[in-house]
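Number of protein chains: 2
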Amino acid sequence: MDIKSIVKRTGQTLSSYLTYEAMRAVVDQLRETDPPRAHWLASFSSSGNLQDGEAYLQELLRANRDLAFRIMTVRQHLAEEVLDFLPERVGAAIAEANLKLRCAHLEQAVGWGEDRGRDFKERDAQA
Amino acid sequence: MDIKSIVKRTGQTLSSYLTYEAMRAVVDQLRETDPPRAHWLASFSSSGNLQDGEAYLQELLRANRDLAFRIMTVRQHLAEEVLDFLPERVGAAIAEANLKLRCAHLEQAVGWGEDRGRDFKERDAQA
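Just so you know, the protein sequences line up as chains A and B, in that order. With our numbering applied, the first sequence corresponds to residues 1 to 127, in that order. With our numbering applied, the second sequence corresponds to residues 128 to 254, in that order.
Looking at chain A on its own, in the form it has when it is part of the complex:
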């Protein structure tokens, strides 16, 4: 496994995702203050080019400079607010999700799961 490349790709994915969240936040703000621009930005952003946040912003800069600058400001703000929480949170979430998946699968394998309630009732009835 090439960890260095994975760090790089994960970083790009995260950066593009924050650009997407910034776009959503700006659309939400505009819905209050300027619905036609909110509609325009939502349409512009639904063409799927948000897979690559940088390419999206380059295109938006040509189409509407003010909105592009606004999204750039918001994504930097989001980066400051959000990033520090992620390592611990995601690390713990993955460990917990793995544990849950293992347990659920073990329960199915030994025939528990949906039948557990019935089993307990049967045991209670026998007692």
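Everything labelled a hint here was simulated from the structure, so no lab data went into it. Everything numeric in this text was worked out from a predicted model, so none of it was measured.
Listed next, the in silico BS3-like pairs over lysine-lysine satisfying Cα-Cα at most 27 Å (straight line):
(1) K8/A - K227/B
(2) K4/A - K135/B
(3) K131/B - K8/A
(4) K8/A - K135/B
(5) K131/B - K100/A
(6) K4/A - K227/B
(7) K135/B - K100/A
Fit chain B to the supplied structure of chain A, relying on the hints for placement.
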């Protein structure tokens, strides 16, 4: 902006992305040792259900328990190796990308960019 919800969604995106990277790593390993299983796993994983890493693993657990457990182990390893680097890296990358986008746009706005070379030549010719 609801920062708490954004942290949550970003965390889920990141967790699903690491599940995707773990699947890729396992496919690469299997290509060396067991090409038919590599092919099977790649086909199983290309159906687009990797948008949600947990749903993907639940499905894979039913279809092939060993591969699901292997991917779960690899994604936990990746989380340990990768996550700590991300906040600083992505924060700096966004700040730098914003600066570059602003500069490139400014250059275009004042008529530099592609014409810059020609301008210098004209100036040199006039001098």
